[in-house]
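Asker: Here are the chains, one letter per residue:
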Amino acid sequence: MNRLQGGRKGGPADEARCVPVAIRTEGLTKAYGSFLALDGLDLEIQAGEIFGYIGPNGAGKSTTIRLLLDLLRPTSGRAEVLGMDVRRQGIAVRRRLGYLAGELALYEELTGRQALRDLARLRGGVEEAYVAKLGERFGLPFDKPIREMSKGNKQKVGLIQAFMHRPDVLILDEPTSGLDPLLQRTFHELVGEVAAQGATVLMSSHVLSELEHVADRVAMISAGRLLAVERIEDLKRTAPHKVAVAFAAPVSTEELSAVPGVAGVDVRGTLARFTVHGAMDPVIKAIARHEVVTLTAEEPDLEELFIDRYEGAADG
Amino acid sequence: MGELVRQTLRIEWKALLGWTISTVLLVIAVVAFFPAVKGNSALTSSFDSMPASVQAAFGLADLTSAAGYLQGQLFSTLVPLIFLSFAIGRGARAIAGEEERGTMDLLLSNPLRRSRVVLEKGGAIALQLIVLGAFLWLTLFVFGPIFDVHVAAGNTAAATACSVALGLLYGAIALWLSGMTGRRALSLGIASGLAGAGYLYTSIAPFVSSLSDNLALSPFQHAYGYNPVANGMQWGDFFTLVIAAAVFVAGAIVLFDRRDVHA
Numbered sequence: 001m002n003r004l005q006g007g008r009k010g011g012p013a014d015e016a017r018c019v020p021v022a023i024r025t026e027g028l029t030k031a032y033g034s035f036l037a038l039d040g041l042d043l044e045i046q047a048g049e050i051f052g053y054i055g056p057n058g059a060g061k062s063t064t065i066r067l068l069l070d071l072l073r074p075t076s077g078r079a080e081v082l083g084m085d086v087r088r089q090g091i092a093v094r095r096r097l098g099y100l101a102g103e104l105a106l107y108e109e110l111t112g113r114q115a116l117r118d119l120a121r122l123r124g125g126v127e128e129a130y131v132a133k134l135g136e137r138f139g140l141p142f143d144k145p146i147r148e149m150s151k152g153n154k155q156k157v158g159l160i161q162a163f164m165h166r167p168d169v170l171i172l173d174e175p176t177s178g179l180d181p182l183l184q185r186t187f188h189e190l191v192g193e194v195a196a197q198g199a200t201v202l203m204s205s206h207v208l209s210e211l212e213h214v215a216d217r218v219a220m221i222s223a224g225r226l227l228a229v230e231r232i233e234d235l236k237r238t239a240p241h242k243v244a245v246a247f248a249a250p251v252s253t254e255e256l257s258a259v260p261g262v263a264g265v266d267v268r269g270t271l272a273r274f275t276v277h278g279a280m281d282p283v284i285k286a287i288a289r290h291e292v293v294t295l296t297a298e299e300p301d302l303e304e305l306f307i308d309r310y311e312g313a314a315d316g
Numbered sequence: 001m002g003e004l005v006r007q008t009l010r011i012e013w014k015a016l017l018g019w020t021i022s023t024v025l026l027v028i029a030v031v032a033f034f035p036a037v038k039g040n041s042a043l044t045s046s047f048d049s050m051p052a053s054v055q056a057a058f059g060l061a062d063l064t065s066a067a068g069y070l071q072g073q074l075f076s077t078l079v080p081l082i083f084l085s086f087a088i089g090r091g092a093r094a095i096a097g098e099e100e101r102g103t104m105d106l107l108l109s110n111p112l113r114r115s116r117v118v119l120e121k122g123g124a125i126a127l128q129l130i131v132l133g134a135f136l137w138l139t140l141f142v143f144g145p146i147f148d149v150h151v152a153a154g155n156t157a158a159a160t161a162c163s164v165a166l167g168l169l170y171g172a173i174a175l176w177l178s179g180m181t182g183r184r185a186l187s188l189g190i191a192s193g194l195a196g197a198g199y200l201y202t203s204i205a206p207f208v209s210s211l212s213d214n215l216a217l218s219p220f221q222h223a224y225g226y227n228p229v230a231n232g233m234q235w236g237d238f239f240t241l242v243i244a245a246a247v248f249v250a251g252a253i254v255l256f257d258r259r260d261v262h263a
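For the protein sequence lines, the chains are A and B, in the order given.
Per my numbering, residue 1 is the first one in the first sequence, and the count goes up by one each step.
Per my numbering, residue 1 is the first one in the second sequence, and the count goes up by one each step.
Nothing false has been slipped in among the hints.
Every beta carbon over 10 Å from chain A, so not counted as near; a handful from chain B, in silico:
| hint | residue |
| --- | --- |
| 1 | L26 |
| 2 | A42 |
| 3 | M50 |
| 4 | G123 |
| 5 | Y201 |
| 6 | N214 |
Think about it this way: if two alpha-carbon atoms lie no more than 27 Å apart in a straight line, the pair counts; the simulated DSSO-like pairs of lysine-lysine are:
| hint | chain 1 | residue 1 | chain 2 | residue 2 |
| --- | --- | --- | --- | --- |
| 7 | B | K14 | A | K154 |
| 8 | A | K285 | A | K236 |
| 9 | B | K14 | A | K144 |
| 10 | A | K242 | A | K285 |
| 11 | A | K133 | A | K154 |
| 12 | A | K144 | A | K154 |
| 13 | A | K133 | A | K151 |
| 14 | A | K133 | A | K144 |
| 15 | A | K151 | B | K14 |
Keep in mind the hints are simulated off the structure, nothing from the lab.
Even for Gly, the Cβ is constructed at its ideal location relative to N, Cα and C.
So here's chain A without its partners, still in its complex pose:
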């Protein structure tokens, strides 16, 4: 089923194959008795890509992620990270991987500094200056006992330990939970930077809006099944925009409806509202024949669009 990188012969897929694949799953399945937590997941994430993984709670996001970490053992199928089998070469995989758990738990008895130092030691040491830099960036109170930290501060410790060894692959389960908007931005900047340096980032969220400004592609999963994978760019380009135009003088419904891509025209006096599918250019050229007082185009709600488009597939 869901083979994402398309055909094996000919066409643009050939180009895609030249890019090294950082994460690949083949028919990855996890069953608990008769319950399928993950059902035959086929996924390919390219090196250097920021990949969003969205779906409602319990859809199978964390199951996928914990299978990649070799914390769970698949019922069938397999997974590779950086070309290495996560079961047989788990140690080598995890040496190059940074992970943030969805339900982050830390040793509450320790301070942030102690916890990070212990984790660094388990990796055979990391660049201390980089840890300090990350801490400063997120504003982590290093010497506070974790027991006394807010959820946001704990999440900072979790993020720092995931990034501190400069991993080639980052797997982050709900990374922004507990972070305030300013820190979310700091986090998004960091993700952008490491991706620019070639790292691959897989991050999950239960809402698309958290991912649409950072991710290159997003996959949507529901009830253990992959529904779709889309480029954020494509989603945005094809998304219908809601447009409202205030003209100096009334313009007829017929005229607006005749413009390619325009639908649902609603004219009230000098104010016209409609939806534009596809390119905006014909619309701009058509309304430019009249005097335009104000023009607003709403950012499309990708979430709604995504759900609308694929909800049927989930039931089928």
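We have chain A already, so just place chain B on it with the hints.
Answerer: Same frame as chain A, but now just chain B:
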């Protein structure tokens, strides 16, 4: 190797300190009563009328000699109780406790083999038991003579070593259950139950002919059944316990490595 042992000790040192202080105080209290018990023939003769099995279960046989007193009041009663409670609690928590807290995910996202986690967790328990044992012995060595408890240091060392080995075995059993099930309370309950059963069996079996043939099956018999306080080190018994502990640790590794880590 060793990072996880250090980390575990750093997290648990305060608790260990508490256990150590209680052990030391308890041992001092026990030896402090020796002069009173030794001189009280009415007390000791009143125990004589009890069945031998009851005397054995409560450590009441031969209370008038220092060695008999330590064997009865410490090494066949309080010391196993302390060491086993400590070891079983730690063993049950070592794997399942990390899973229940959610910190196992964090540990295993590092390039660590699960076997290393089990070995180092087990190693940390062993080290802490040795610390407890060392303080037990030292307390007897320092405070024994003050209260007329004169037993050769080699013999108390032997009895302590066997008690530590008993702790290792039951800690390893708890670790094995913890590795197999990932459930802390369950592991704690089963390992404690096994310890209780072994203790009772060892106390009663010598006086029941149908049971006494299989006494060698009881870890408690190897730990103190042959009275190391009076008779000195019995290496065979000691190694029987240690090897059995190693077998359970190996079992923990195999079983933990095969299953999902609980979130």
